[in-house]
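Residues per chain, in single letters:
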Amino acid sequence: MKPFDRVVSKVVPLRADNVDTDQIIPAKYLTTVSKKGLGKGCFHALRYQEDGTDDPSCPLNQPVYQGASILISGSNFGSGSSREHAVWALTDYGFRAVIASSFADIFYNNSLKNGLLPVKLAPGQVEELMQLAQSKPESKIQIDLEKQTVVSPEGREYGFSIDSFRKSCLLQGLDDLGYLLQMIPVVEKYEERVAAGI
Amino acid sequence: MSKRTMLDKIWDAHVVEQAEGKPSVLYIDTHLIHEVTSPQAFAVLRERGLKVRRADRTFATMDHAIPTRKLAFDLWPTEAAVQVQTLRKNCEDFGVTLFDLQGEDQGIVHVVGPEQGITQPGATVVCGDSHTSTHGAFGALAFGVGTSEVSHVLATQCLMQEKPKCFAVNVEGRLGPGVTAKDLILAVIAHIGTGGGAGHVFEFRGEAFRSLDMAGRMTVCNMSIEGGARAGMIAPDETTFEYLKGRPYAPQGEAWDRAVFRWRELPTDEGAVFDREIHLKASDIAPMVTYGTNPGQAIPVNGDIPDPESMSSEEEKRATLQALDYMALRPGSKIAGQQVDIVFIGSCTNGRLEDLRAAAQVVRGKKVRDNVRALVVPGSKHVMKAAELEGLDRIFQESGFEWRNAGCSMCLAMNDDKAESGKYVASTSNRNFRGRQGPGARTMLMSPSMAAAAAVHGEVVDVRQL
Ligand code: SF4
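Just so you know, the protein sequences line up as chains A and B, in that order.
Taking our numbering, the leading residue of the first sequence gets 1090, the next gets one more, and so forth.
Taking our numbering, the leading residue of the second sequence gets 5, the next gets one more, and so forth.
Quick caveat, the hints were computed from the structure, so don't treat them as lab data.
Only a predicted model underlies this, so the values are computations on that prediction, with no experimental measurement involved.
What follows is a set of in silico ranges between Cβ atoms, one per label pair, in the way DEER data are often shown:
#1 B:Gly341 with A:Gly1262: 55 to 63 Å
#2 A:Leu1270 with B:Lys74: 38 to 46 Å
#3 A:Gly1141 with B:Ser287: 44 to 52 Å
Using 25 Å as the maximum straight-line C-alpha spacing, the simulated SDA-like pairs for lysine to any residue come out as follows:
#4 A:Lys1124 with B:Leu102
#5 B:Lys167 with A:Gly1286
#6 B:Lys427 with A:Gln1138
#7 B:Lys321 with A:Cys1147
#8 A:Lys1117 with B:Thr90
#9 A:Lys1278 with B:Pro255
#10 A:Lys1229 with A:Leu1210
#11 B:Lys422 with A:Asp1143
#12 B:Lys74 with B:Trp407
#13 A:Lys1209 with A:Met1219
#14 B:Lys371 with B:Glu402
#15 B:Lys55 with A:Leu1270
#16 A:Lys1129 with A:Tyr1118
#17 A:Lys1125 with B:Ala85
#18 B:Lys370 with B:Pro181
All C-beta atoms in this analysis are idealised placements derived from N, C-alpha and C, irrespective of residue type, glycine included.
Take these sequences, add in the hints, and give me the full structure.
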């Protein structure tokens, strides 16, 4: 997993609540056996019109937002399916962080396991940043994981919370598997206890 | 000892290690896998030279990507065929039991687990699929995980988890005639909202749930995730034990008796405190239909489509406007009478024998309306065979339904079963998201009998008035 410390970027505004994982990556892209290349299907229905051409009204297609690595959206982001493909699609597309007023549980967990930082802010704060991203698309904000802050170009600071264990894993780029593998002797003892009915 | 909820009891019994400042290491009793969310997890094992630690606790099936038409394998889309072959190879190389497409036991993972007796009370069950919540119907703690977590469980049989909170959903009284488990859970989700259960596990309590058979309880728990909760549970009782007894992977003989003894201790202690609680009355619940693009946007079949202007918050107003725009439905009009183009009966929510019986009862001797395309996709091969033994396949086919092989099919439109853009689908599945059943498709979720009635009438009708 790629370590995350800080990102400075323009912000793509996706003004909607309940953006579900079917929207982030439709099922037809799930036939892959790899994690790579899913960016092309990311937000497929929003990006393309029915005839397959780009939908110019979608911010993801607007030149000013090209190269942005922060996405901002409404509440309950990532609801629905557990497909980690949604996170792989976002990271493959180039996103490093998503700001929203709330996240669905499974999506939130999946993000942390792939170095995509989910930043939860109060609805009013999300609205301020959303308006900024819409009215001044060129403006860049900074997300600093170590300090747990989002900083706007005018220097306005928004703090966010994150579990301290998850934070240190992200900062170091560590995944759970290494830790769990070290636990195997404890797991074996647990299994013995259960088998003996204790 | 202090009073504990069922969640507390199952959680406590599965914590392997609790280090300061870290999530719990939680033991997973049962791991179910399928072709779509497992290949990348097996790839991690191969990269790191790891084994499946407890292949005896791991079960695989094929359901999401497979065609449900009676197609020869070499006619399949290549990518789906590759996924299926990859799963076969992974199961073979790692010694995992596979309910293969070519065998008798294949089906949707959440239909197969219970049907085989693999899902048991008090267990922790995970699968790389959000509807793993289904298995909570047995008094198990069952939740969906991502593919990274699939690899963790394969390699270590454990997950790092924070304990969720517990949310008691109490519904007193019995459901009225024509009102089903599907309507019950849609009403609950409409009440709390699609994200309302985030961070929680639902415990469904009260007579409305208690009086359901296992199929109905599975329908309820299945849709917990649509209310934002990763899991939902119903305490095990005689209904549960009766269902499980004698199934292939259920304990046998003395082991069965001992298990039942243990399972009887699982229900929440009297006086235990929940983090959140709601109370609803079963008699207030009517057959439900969704009008929007998330499962919380549901109304009684005799109700009016809400007017965004009447919404209290800007957020809700916007969400309703966007949903109605996508669905091309008019605020204030009735949902009953809304035209239906496609009817899909199936999925892990409503693809069990009991669901097919309920639908067949409505269509028996009647014809599917001209211009309506209707399909029935059984949840598993066992469901399919049992339905055929009862002659349900003939009832459906004589009415004009297609009778398919078992799989997920139009629930997620990964295979060729897609609804065309702009079409209205009466669906017994669990998600009415934009484009879920095909780009531009407009899904209305409802119960099997309501969907069957919609097929016959070509529009949404109140099944109670037939
Ligand atoms: S039937 Fe639908 S919801 Fe259920 S497992 Fe299959 S795709 Fe998922």
